[in-house]
Amino acid sequence: MELTCRSRSCKTRWKLTGEIDHHRAQALSRELEREVSTRLPGELVLDFSGVTFMDSSGIALVLRASRLMEELGGRLRLESVPGQALRVLKAAGIHRRVELGEE
Amino acid sequence: MKPVNSVKLEFLSRSANEGFARSAAACFAAQMDPTLEELGDLKTAVSEAVTNAIVHGYPEELGKVSLRLRRYEDRTLEIRVQDWGRGIPDVEKAREPMFTTGGEERSGMGFTIMESFMDAVKIRSRPGRGTCVTMRKKLSSRPGGRL
Ligand SMILES: Nc1ncnc2c1ncn2[C@@H]1O[C@H](COP(=O)(O)OP(=O)(O)O)[C@@H](O)[C@H]1O
Ligand SMILES: [Mg+2]
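Protein sequence lines correspond, in order, to chains A and B.
In this text, residue positions in the first sequence follow our numbering: the first is 1, and each later residue adds one.
In this text, residue positions in the second sequence follow our numbering: the first is 1001, and each later residue adds one.
Since the hints were derived computationally from the structure, they do not count as laboratory data.
Hints may contain errors.
Calculated pairs, DMTMM-like style, for lysine to aspartate or glutamate (alpha carbon to alpha carbon, straight line, at most 25 Å) [unchecked claim]: (1) A:K90 x B:E1105; (2) A:K90 x B:E1060; (3) A:K90 x B:E1078; (4) B:K1137 x B:E1061; (5) B:K1008 x A:E71; (6) A:K15 x A:E70; (7) A:K90 x A:E79; (8) A:K90 x B:E1037; (9) A:K90 x B:E1010; (10) A:K11 x A:E31; (11) A:K11 x A:E71; (12) B:K1137 x B:E1105; (13) B:K1137 x A:E19; (14) A:K90 x B:D1074; (15) A:K90 x B:E1092; (16) A:K90 x A:E19; (17) A:K15 x B:E1104; (18) A:K15 x A:E102; (19) A:K90 x B:E1061; (20) A:K15 x B:E1096; (21) B:K1064 x A:E19; (22) B:K1138 x B:E1078; (23) A:K11 x A:E33; (24) A:K15 x A:E31; (25) B:K1137 x B:E1060; (26) B:K1064 x B:D1090; (27) B:K1137 x B:D1119; (28) A:K90 x B:E1073; (29) A:K15 x B:E1037.
The shape of chain B in the complex, shown without the other chains (with noise of 0.2 Å):
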């Protein structure tokens, strides 16, 4: 299936960007009239991989995260999220709620959102390499909205 639209941004991963890169997000999707709570969710993944990135792919040097959307004809959003950074050395274990390698400021929730308010999350890592995170959501058809 081809998109409809994509759009590619590339940033350093300083913690300022999680704001941009939300912002971003969900000005893309609102070509798709998407629900206010869609719109909150979408911002809500996207924050947390972009952070994910920032936080663990870079921990100690600046590095290049990129964030993909895709739109597709069926109301489906794709969100990709990469960085070339440390990588996951046990991608499962990651997954599980309340596991992280981080500090007091983590709360190791971030995969369980992403996979509660994504309909697919597919995480692609190797360690020393960086990692691949991506998610789609399908939004409701709302009659009236555009296509």
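One chain only, chain A, in its complex shape (with noise of 0.2 Å):
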């Protein structure tokens, strides 16, 4: 599993890494919920620097991030999305939808 996850008091931040695809989707989704519900997060910060390559399974991970968090009342942050990746959440639109950017 390249996933990494350092969790600092409340705030919990992510670095993905390789390829999004629906080959790795499952476990990653499986991966996050299970972070997600033994953490419980303020703030959960997906850190996309190292992603090299990412398809619109990447977008049902993050909707499925933005709902977790949304049921606990915490915030979704997107942070160092590479070009590839970013063009995929605009194509979606779903760069309106979740917080994109260094805080």
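Got two chains here, separate frames each, mind docking them using the hints?
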């Protein structure tokens, strides 16, 4: 699993790496759910700096994260999104629904 | 118009082949000296179409997926992804943003992304017979680049 997790108080930062596609989506989604339900973060930061490719499977993952954080009454932020992944998020209109960029 | 070059690949509908299909398409497109952005768009479109064949074409069984790549003299790249699986009952509905028959892990944005990253997307499908998605994109001309 190319996913590292570092938690500081109520803020959880995830560094996503490699290619986010359907092949990896299920494992990533399970990981996301486990982390959010055990840490109950007030803020979840998805660090995209290590993502080399993303397709619409990544959109489903981001929307899942958004719903989970909404249920917790917390925030979701996407950080360091590379060009290709950003184009996918924009084509789907997701950039208008989630917070993007550094703090 | 006759293609300048053409390749055809056939693989089983295993999700591990999604990455393979993307890389193969990127390798073929590299002959056309695309920009980094164009290369990303092509890989994304291939990933969407191939994933659909794997996930929706053959939801419970393993089947054959074909990827054909063609390069034309006017710098058009044609990508055709075909499966012989379930087929799509209503293609117009399937094209709509957010429409999905998949579960939580699908977004329903696959066709929307293919349409926004490619110049043209044609879908032929018959329920019970399979689906064929043909996409075209004309790459920008690059001064000094190879034909
Ligand atoms: N190759 C295919 N075989 C059967 N059904 C398909 C195929 N491709 C797409 N579909 C149908 O079209 C819908 C929309 O596809 P898409 O826009 O890629 O969204 P998603 O894959 O997230 O569901 C799918 O949910 C499915 O019902
Ligand atoms: Mg899809």
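Hints and how they fare:
For the hint pairing K90 (chain A) with E1105 (chain B), the CA-to-CA distance comes to about 19 Å; that is within 25 Å, so the pair holds. Note on K90 (chain A) and E1060 (chain B): the hinted pairing is violated, with a Cα-Cα distance of about 32 Å set against a maximum of 25 Å. This hinted pair checks out: K90 (chain A) and E1078 (chain B) have alpha carbons roughly 24 Å apart, not beyond 25 Å. This hinted pair does not check out: K1137 (chain B) and E1061 (chain B) have alpha carbons roughly 32 Å apart, beyond 25 Å.
Proximity of K1008 (chain B) to E71 (chain A) is assessed by CA-CA distance (about 47 Å); at most 25 Å being required, the pair is judged violated. At most 25 Å may separate the alpha-carbon atoms for a hinted pair to count; K15 (chain A) and E70 (chain A) meet this at roughly 20 Å. Distance hint between K90 (chain A) and E79 (chain A) is fulfilled; the C-alpha atoms sit about 15 Å from each other, no more than 25 Å. Annotation: proposed proximity of K90 (chain A) to E1037 (chain B) holds, straight-line Cα distance about 14 Å (limit 25 Å).
Between K90 (chain A) and E1010 (chain B), the direct Cα distance comes to roughly 32 Å. Violation of the 25 Å bound is thereby established for this hinted pair. Restraint check for K11 (chain A) and E31 (chain A): the C-alpha separation of about 17 Å stays at or below 25 Å, so the hint holds. With a CA separation close to 16 Å, the supplied pair K11 (chain A) and E71 (chain A) stays within the 25 Å bound. Taking the CA atoms of K1137 (chain B) and E1105 (chain B), the gap is near 28 Å; set against the 25 Å cutoff, the hint is violated.
A threshold of 25 Å between alpha carbons decides the hint, and for K1137 (chain B) with E19 (chain A) the separation of about 23 Å falls inside it, so the pair holds. Using a Cα cut-off of 25 Å, the hinted pair K90 (chain A) and D1074 (chain B) is violated, with the two alpha carbons roughly 29 Å apart. With a C-alpha separation of about 22 Å, the suggested pairing of K90 (chain A) with E1092 (chain B) holds against the 25 Å cut-off. Among the hinted pairs, K90 (chain A) with E19 (chain A) is consistent with the structure: their alpha-carbon atoms are about 18 Å apart, no more than 25 Å.
Note on K15 (chain A) and E1104 (chain B): the hinted pairing holds, with a Cα-Cα distance of about 22 Å set against a maximum of 25 Å. Only pairs whose Cα atoms come within 25 Å are accepted, and K15 (chain A) paired with E102 (chain A) is accepted, the gap being roughly 14 Å. With a CA separation close to 33 Å, the supplied pair K90 (chain A) and E1061 (chain B) exceeds the 25 Å bound. Taken as a hint, the K15 (chain A) and E1096 (chain B) pair is broken in the structure, with Cα atoms around 32 Å apart against an allowance of 25 Å.
Between K1064 (chain B) and E19 (chain A) the CA atoms are separated by roughly 24 Å; this keeps the pair inside 25 Å, and the hint holds. Between K1138 (chain B) and E1078 (chain B) the CA atoms are separated by roughly 9 Å; this keeps the pair inside 25 Å, and the hint holds. Note on K11 (chain A) and E33 (chain A): the hinted pairing holds, with a Cα-Cα distance of about 15 Å set against a maximum of 25 Å. The suggested pairing of K15 (chain A) with E31 (chain A) holds, with an alpha-carbon distance near 12 Å, which does not exceed 25 Å.
Distance check on the hinted pair: K1137 (chain B) and E1060 (chain B) sit about 32 Å apart at the alpha-carbon level, beyond 25 Å; violated. Taken as a hint, the K1064 (chain B) and D1090 (chain B) pair is honoured in the structure, with Cα atoms around 22 Å apart against an allowance of 25 Å. As the CA atoms of K1137 (chain B) and D1119 (chain B) are separated by approximately 5 Å, the hinted pair is consistent with the 25 Å bound. A C-alpha spacing of about 31 Å is found between K90 (chain A) and E1073 (chain B), which places the hinted pair above 25 Å, so the restraint is violated.
Distance hint between K15 (chain A) and E1037 (chain B) is fulfilled; the C-alpha atoms sit about 23 Å from each other, no more than 25 Å.
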